[in-house]
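Going down the list, the sequences are from chains S and V. The numbering used here numbers the first residue of the first sequence as 80 and each following residue consecutively. The numbering used here numbers the first residue of the second sequence as 80 and each following residue consecutively.
There's no promise every hint is true.
[Unchecked claim] Keeping only pairs whose Cα atoms sit at most 27 Å apart, straight-line, the calculated DSSO-like set for lysine-lysine is:
no.	chain 1	residue 1	chain 2	residue 2
1	S	LYS352	V	LYS352
2	S	LYS330	V	LYS321
3	V	LYS321	S	LYS415
[Said to hold, decoys possible] Quick list of simulated restraints, FRET-style, between CB atoms:
no.	chain 1	residue 1	chain 2	residue 2	range
4	S	LYS330	V	ASP157	45 to 53 Å
5	V	GLU434	S	SER349	34 to 42 Å
6	S	GLY385	V	GLY425	56 to 64 Å
7	S	SER349	V	PRO200	31 to 39 Å
8	S	ASN112	V	LYS326	26 to 34 Å
Hints were generated in silico from the structure; no laboratory data involved. C-beta: ideal position from N, C-alpha, C; glycine also.
2 protein chains.
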Amino acid sequence: MTKKESAKKGTVGVVKTEYFTFSYPPDYFILSNGSQIGPVTLAYETYGVLNENRSNAILILHALSGSAHAAGFYSEKDKNTGWWDLYIGPGKAFDTEKYFVICSNVLGGCSGSTGPASINPETGRAYGMDFPMVTIADMVNAQKKLIDHLGIKKLLAVAGGSMGGMQALQWTISYPDMVESCIAIATSASLSAQGIAFNEVGRQAIFNDPHWNNGNYYNSRIPKAGLSLARMIGHITYMSEKHMHEKFGRKFQDSHQGKAGVSSEFMVESYLKYQGIKFVERFDANSYIYITRAIDHFDLKEDFGGSLTAAFENVSANYLVISFTSDWLYPSSNSKEIVRALRVNGKNVNYIDIETDNGHDAFLLPNEILEKNIKNFLKSEFKKSEF
Amino acid sequence: MTKKESAKKGTVGVVKTEYFTFSYPPDYFILSNGSQIGPVTLAYETYGVLNENRSNAILILHALSGSAHAAGFYSEKDKNTGWWDLYIGPGKAFDTEKYFVICSNVLGGCSGSTGPASINPETGRAYGMDFPMVTIADMVNAQKKLIDHLGIKKLLAVAGGSMGGMQALQWTISYPDMVESCIAIATSASLSAQGIAFNEVGRQAIFNDPHWNNGNYYNSRIPKAGLSLARMIGHITYMSEKHMHEKFGRKFQDSHQGKAGVSSEFMVESYLKYQGIKFVERFDANSYIYITRAIDHFDLKEDFGGSLTAAFENVSANYLVISFTSDWLYPSSNSKEIVRALRVNGKNVNYIDIETDNGHDAFLLPNEILEKNIKNFLKSEFKKSEF
Chain S
80 MTKKESAKKG TVGVVKTEYF TFSYPPDYFI LSNGSQIGPV TLAYETYGVL
130 NENRSNAILI LHALSGSAHA AGFYSEKDKN TGWWDLYIGP GKAFDTEKYF
180 VICSNVLGGC SGSTGPASIN PETGRAYGMD FPMVTIADMV NAQKKLIDHL
230 GIKKLLAVAG GSMGGMQALQ WTISYPDMVE SCIAIATSAS LSAQGIAFNE
280 VGRQAIFNDP HWNNGNYYNS RIPKAGLSLA RMIGHITYMS EKHMHEKFGR
330 KFQDSHQGKA GVSSEFMVES YLKYQGIKFV ERFDANSYIY ITRAIDHFDL
380 KEDFGGSLTA AFENVSANYL VISFTSDWLY PSSNSKEIVR ALRVNGKNVN
430 YIDIETDNGH DAFLLPNEIL EKNIKNFLKS EFKKSEF
Chain V
80 MTKKESAKKG TVGVVKTEYF TFSYPPDYFI LSNGSQIGPV TLAYETYGVL
130 NENRSNAILI LHALSGSAHA AGFYSEKDKN TGWWDLYIGP GKAFDTEKYF
180 VICSNVLGGC SGSTGPASIN PETGRAYGMD FPMVTIADMV NAQKKLIDHL
230 GIKKLLAVAG GSMGGMQALQ WTISYPDMVE SCIAIATSAS LSAQGIAFNE
280 VGRQAIFNDP HWNNGNYYNS RIPKAGLSLA RMIGHITYMS EKHMHEKFGR
330 KFQDSHQGKA GVSSEFMVES YLKYQGIKFV ERFDANSYIY ITRAIDHFDL
380 KEDFGGSLTA AFENVSANYL VISFTSDWLY PSSNSKEIVR ALRVNGKNVN
430 YIDIETDNGH DAFLLPNEIL EKNIKNFLKS EFKKSEF
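Given the sequences, and given the hints that come with them, work out the whole structure.
Written out as structure tokens, the structure is:
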């Protein structure tokens, strides 16, 4: 969506990324695997105004390739809006006239938050592969420090798609008293074997790039080809076969090229290459490795002795779970499994399987049903929280 | 299937690969793109005996990674049988007590037939990327020379899965008078945009390998990492999500590794890596590029002015078309499109969509319904041809 189109619907306007840093001691930050890390910086943005009784805060959680920049633009000249600008702004699903919306870059990320590209204070050089393994729960624990810092005792909602949905679910389990409600979109309580396989071939593409150099490339050439290929692989899985067919079919990039040419290029190939090249400009290969690994290892069932029902036993949030019929990376069955486990526990959960050809990407694309469902759910949750 | 298991069902025993070479002039071999190539060698194997009136010959067409070695083993000590040994042998679907079965390595391949790894007579060095672009029709035209050479006027059947199915269909269109019947399994009249995309990321994995060196690696280190990754990507698409889940789930390779480890490995990852490593030992990276490109460019509809009906207008074969319900690379809808186009032309076609979780790989795995359908179809076709 262009700035112009976004402005039509209502825009949060020019925004600024802020930074919150905490260190140990006194603020110990211990990761799931037992290692300590610090200082930790989280880049974050906020849109809208926190109300007097601090009851209107919504934490937006981003997916693999996201950042703190969820809405608005950085300057009047900036042509690109935040990654969820379609859904965040005055009058939009996450209505910034009503709610105070927060989004932070995940721990392990590369858009302002501490990650493999950050300087390791013990060596004075970038962490690279010395960065400790982070989990979805670690990301959430770091966000909790930010929410404390902002003086918010209870979030009206946590919301996200894909890995953002994993974080949202984890929030309701790790901090049940801090979350009124949870919007988990196109996500899963654990990734499928096929999903792990796709993440793995993406990582292998990076490992195979000689410029990756075991993660030590910050002072030399970066592993562009590897990261670009990882992104290309990812993109195939984000689109449905039908959407790809309708968008590109078997058309050639250059219609003058004959079908028998070795180098003649299909449109779908050019599209993927373009996505790969664009990605390399803004993303760090090591972060790609760490974050996909965090996604692979996320497993709420395993965390609770093999029972997803047990995972949701002590949650107190109300849930809106949304899946998309053509999403084959995080298929509807994954969402239904979450819904079942919540219902067995007698929790309050709304579920909708939205009919669309847009595949996993659907949560990032215009979708009226998605917009309305989020809007109405938040309205009802906000009303409840006011009593 | 081990030699032992194969022997139980009936084996063709120890076989030998033969070579047929033709050159120009006098035997001009002109490719679809107009370029000439020669001499051309085709590696081939035969099983069973050609009957007196030469009416029992079946040509088996292999898929992307196949070879002429479709059945039997190379010595008594050889532990591996041919790639379709499950279906070729005494009493099996392609019953070598009744039929004379032929299988040749495709033009552009790397298992004995002329391909990018062969010596270019004009330079005295391997062709590499100077090898001309080959199409599925070119592969079929080369096979035609072999069939002529074997003194066979009419094939009882052409049969294959995946790219083998494409060749089978092409045979019935290119040489309608030479084919009694066609068995096209898990195939398509053209690959989907998603299929092209997967082939492309596989090729990019090879291109990214510095040892690929624009295809000039025959006298130095080979692009192992790139080809291995291409194969890993391919393997994901050959299996259904369900099959992958049942086979590996989220289990770790080493159960002692904790979930928080960076290097802890899921079973599905180890499996794919093993498949990649095994493949590199027997396959040429440049062949992978050329053959996947031939698959991408295969388009019967485009060949006939955008009409698949027109493509099948002049065929005279009887068809058995088979798809697998969980095959998402060559989905059942692709087979149904072929069946519809044949029926519009009033052609004789049997179609079966076999219920299985084995995905695209199903045609290479044990499947009683597949076996029975091939067997009965051939029996009936052989009976007809005898009158």
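Structure-based check of each hint:
A hinted pair counts as satisfied when its Cα atoms are at most 27 Å apart, and S:LYS352 with V:LYS352 qualifies at roughly 25 Å. Straight-line distance between C-alpha atoms of S:LYS330 and V:LYS321 comes to about 32 Å, which puts the hinted pair past the 27 Å bound. Restraint check: the Cα-Cα separation between V:LYS321 and S:LYS415 comes to about 16 Å, which is no more than 27 Å; the hinted pair holds. Checked against the hint of 45 to 53 Å, the C-beta distance between S:LYS330 and V:ASP157 comes to roughly 46 Å, which is consistent with it.
In this structure the supplied range 34 to 42 Å holds for V:GLU434 paired with S:SER349, their Cβ-Cβ distance being about 38 Å. Taken as a hint, the range 56 to 64 Å holds for the pair S:GLY385 and V:GLY425, whose Cβ atoms sit roughly 58 Å apart. Checking the proposed 31 to 39 Å range against S:SER349 and V:PRO200 shows it holds: the Cβ atoms sit about 36 Å from each other. The hint said 26 to 34 Å for the Cβ distance between S:ASN112 and V:LYS326, and at roughly 28 Å that hint holds.
Hint compliance for this structure: hint 2 alone is broken.
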